[in-house]
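Visitor: What follows is the residue order along each chain.
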Amino acid sequence: MSARLEGELLEVSMGPQHPSTHGVFRMNVALDGEIVVKLKPVFGYLHRNHEQIGERTSYLGTMPYTDRLDYFNSMSNNWGYALAVEKLAGVEVPERAQYLRVILAELSRLQNHASLLGFLLSDMGAWGTPLMYAFREREKVLDLFESLAGSRMMCDYMRFGGCRVDADAAWMERAKKIVYDFPRFLDEFEELILENEIVIARTQHVGRVSAELAISAGITGPMLRASGVNYDLRKVDGYGFYPRFKFRIPLGEHGDTYDRLMMRVLEMRESIDILKQAFEAITPGPITNPKVKVRGFRPPAGECYGRIEGPKGELGFYLISDGTGTPYRYHVRAPSFINLTILEDMCLGHTVADVMVILGSIDIVMGEVDR
Amino acid sequence: MESLEQIKSRIEAAIAGASVTIVPNPGPANQPSLLIDNEHAFAAVQFLRDDAELRLDYCSSVTGVDWLDRTVKKTVKVKEIVDGVEKEIDRAEEEKIPGYLEAVYHLYSTVRKHGPVIVRMRTTDRLDGAHLPSMTPLYRSAEFQEREIYDLYGVTFEGHPDLRRILMWDEFEDHPMRKDYVQPDDFEYEPTPHDEVLERAKEHYSERPTIDGAEPVSTQP
Amino acid sequence: MTGAGILKGMAVTARNFVGSYFEKERLTTVQYPEERAPLPENYRNFPFLVFDGDEAQAGLRCVACQICEKECPPQCIYIVKSKDKKPDYMGKPQFYPATFDIDISVCMSCQICVEVCPFDAIKMDKVYELSRRERFDALLMDKHELAKSNSYYHGIHPTEATEVDTRLAEAAAKKKPAPPATAAPPAVAAAAKAATSAPAAEAVVSGTLPAKPTPPAT
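Keeping their order, the protein sequence lines are chains A, B and C. Here the first sequence is numbered in this note's numbering, starting from 1 and rising by one per residue. Here the second sequence is numbered in this note's numbering, starting from 1 and rising by one per residue. Here the third sequence is numbered in this note's numbering, starting from 1 and rising by one per residue.
Heads up, some of the hints might be wrong.
[Unchecked claim] Taking lysine-lysine and the BS3-like style, the derived pairs with C-alpha atoms no more than 30 angstroms apart in a straight line are:
| id | chain 1 | residue 1 | chain 2 | residue 2 |
| --- | --- | --- | --- | --- |
| 1 | B | K113 | A | K276 |
| 2 | C | K70 | B | K179 |
| 3 | A | K291 | C | K174 |
| 4 | A | K246 | B | K113 |
| 5 | B | K8 | A | K235 |
| 6 | C | K174 | A | K293 |
| 7 | A | K293 | B | K179 |
| 8 | C | K92 | C | K148 |
[Said to hold, decoys possible] Under 10 angstroms between C-beta atoms, here's a sample of chain C residues computed to sit facing chain A:
| id | residue |
| --- | --- |
| 9 | E41 |
| 10 | P73 |
| 11 | C110 |
It should be emphasised that the hints constitute simulated quantities derived from the structure, not laboratory data. Note that beta-carbon positions come from the ideal geometry of N, C-alpha and C, so glycine has one too.
Required output: the full structure, derived from the provided sequences and hints.
Guide: This is the structure we're talking about:
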């Protein structure tokens, strides 16, 4: 019997307090039965006008605020902002500081991707266990951040032309041990989930994104590469010392949720490779540029767009300086905000339970989406 | 990638009547941009996207900038006849530069892996004339970002499929990223011991000097 | 075989469950508050004011230059400079903070105040159990609550505190090129006058105490 009931659409307001919306995010969804026919995201519950705060604070004073954008990756955010300001002012960064930045950014990527996998599994209904395993690993990286920068999440570690504190030999040994032990967790995690029939049924062919749409919609990061587009700023821009490292860019084929999940696992393996090379290559030396003043930092008038490959995608900072101590214009190109552009396209035709999985695979942090 | 001059001349050759200006960018970053007139901007950006050489298929960042009205004070030497004798006098003149809102697009190519080509558009003024053509039909990534500019700066993008406020709530009236935005006194006011601190902090922040010695003119009555 | 993947996953959870009884690696939680994880030396929380000697208010290193107040990004510091001068830890008269408040409900622990302080007077504390029953005044720390001794500073950040002490001792030695014992008091007073009348900005660039040449003792 294939008779179809005709009825009205059901409008559901999902969020902002739902645990799987990763913070305070709302979607106005119209449902035909269980199938999504319309989805409009609603933003702004965490909006604090980060950009205006940046326009009335000194260049240095904005650094701790960038920690609070994507609060999982304060190290990457610091680097993105420092990179933009260094470009704007033409500041050189000493060699050791460059290696330290690579090490910390890749550690940050490791813990971000690990916790994303945990959250995604949690969204699929695997409550607790995978998330706890992921957080156990993340905790080790956060302990490293804490012993170096003084804080687990709000690191505020990088400065224009260098880094704030140097890592001693003991720290390096600890970091090495954690990185060399990390594949054990990855092997176990892959065993835990990747062949799981439920995971496969929930993720394969769900939320497919074509390469053309992904490029046009400005999707970046692992989500873009899951659609098979080879675009990684570590290779394209070659910022920092990334050209000195040998690593591969994992690419997906189908652009579905399973590919996006796999992309994170594979990227973690590449990050471990980069970290191992960095531990070998790093040499003692100064970590700050003595020409840069701590107080009263004034870049010359001009404008600049600096971007890095953050764990969630292209993190860009656009700055206009008028020669004073505060930027005239400070703009953050937030990857998880722009990755949400095609959320509706991805969800149409799927069931309401799939919306959570698709949203989870985008990897958003509301601190960055709402800014 | 070709130089900006070459791109400029190619746009002007391809699109009749398009006026493209190169906006120089002093300073070490050296990222000059193309200022395109509003009427031909859509066609010009489409040309940049589809051109076989450039293939700028990825619009990374879209953002607004607010430039206030300003007056530039100059002293001009004028010859005048005073008491039958010709004398050279310094006369202060003021040139009024009207303010405008700007939308800045950073275009990259994922195929050729080059960029950025920075495209700017300017509104005629900061009030009723704050209209610009929307690039959302060309780049989906502009959809939310143009909504953000509409919300925070008050630029209306013509041709945008779904232009609504995005970060502020729908009933909100002002545009909080504008330089002359004044915070209302009455939202969620709480007496904190911090108020005194804020009051004192004002003393430390002097009025912002503008780029070429011009003085900002407030649009507030 | 359907279900093989699930069984494989179950084996992993079983390994972790059993392993948590034997391996510290697999059971990393601690039973707070009975058990506490040790804090790393670099850990930072909220700022405090360092004093030398035994008397807290007399020994404050802070000279109320208000640099930290200006640089603080969320503007949580509030300073009122004193009208009179009191001798500082080196015995020369300096201004002191008549009021020094930090609103720790606003402070975001960025430690920019520590980085910009040219007198090594403000440092980051490690106390983290700060919950209060009242939201506003209870979280506003005044200078009596903020003042902590140099030995306390040595206790929480030993490496950093030793560096600071060495730097201060060097600056002090540079400032006093051993004047004759009888003429010491006026010379010190004159040196202090020269130092305090110098613009604050000069003191900042080097990041240490201003090293002014001492006028010859006459």
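Visitor: For the pair supplied as a hint, K293(A) and K179(B), is the alpha-carbon distance within the 30 angstroms limit?
Guide: Between K293(A) and K179(B) the Cα gap is close to 28 angstroms, so the pair holds against 30 angstroms.
Visitor: Min Cβ distance, P73(C) to chain A: is it shorter than 10 angstroms?
Guide: holds (4 angstroms)
Visitor: Please work out if K113(B) and K276(A) have their alpha carbons no farther apart than 30 angstroms.
Guide: holds (28 angstroms)
Visitor: Assess, step by step, whether the Cα of K246(A) is no farther than 30 angstroms from the Cα of K113(B), and give holds or violated.
Guide: Judged against 30 angstroms, a Cα distance of about 19 angstroms means the pair holds.
Visitor: Verify the proposed pairing of K92(C) with K148(C), using a straight-line Cα cut of 30 angstroms.
Guide: holds (21 angstroms)
Visitor: For the pair we were handed, K8(B) and K235(A), check the Cα-Cα distance against 30 angstroms.
Guide: holds (28 angstroms)
Visitor: Quick check on E41(C) please, does its C-beta sit within 10 angstroms of some C-beta on chain A?
Guide: Holds: closest Cβ of chain A sits about 7 angstroms from E41(C), inside 10 angstroms.
Visitor: What's the verdict on K174(C) and K293(A), does the C-alpha distance respect the 30 angstroms limit or exceed it?
Guide: holds (24 angstroms)
Visitor: Against the 30 angstroms threshold, does the CA-CA distance of K291(A) and K174(C) hold or violate the hint?
Guide: holds (25 angstroms)
Visitor: Holds or violated: is there a CB of chain A closer than 10 angstroms to the CB of C110(C)?
Guide: Hint on C110(C): holds, closest Cβ of chain A at ~3 angstroms, below 10 angstroms.
Visitor: What's the verdict on K70(C) and K179(B), does the C-alpha distance respect the 30 angstroms limit or exceed it?
Guide: holds (22 angstroms)
Checked against the numbered hints above, the structure breaks none of them.
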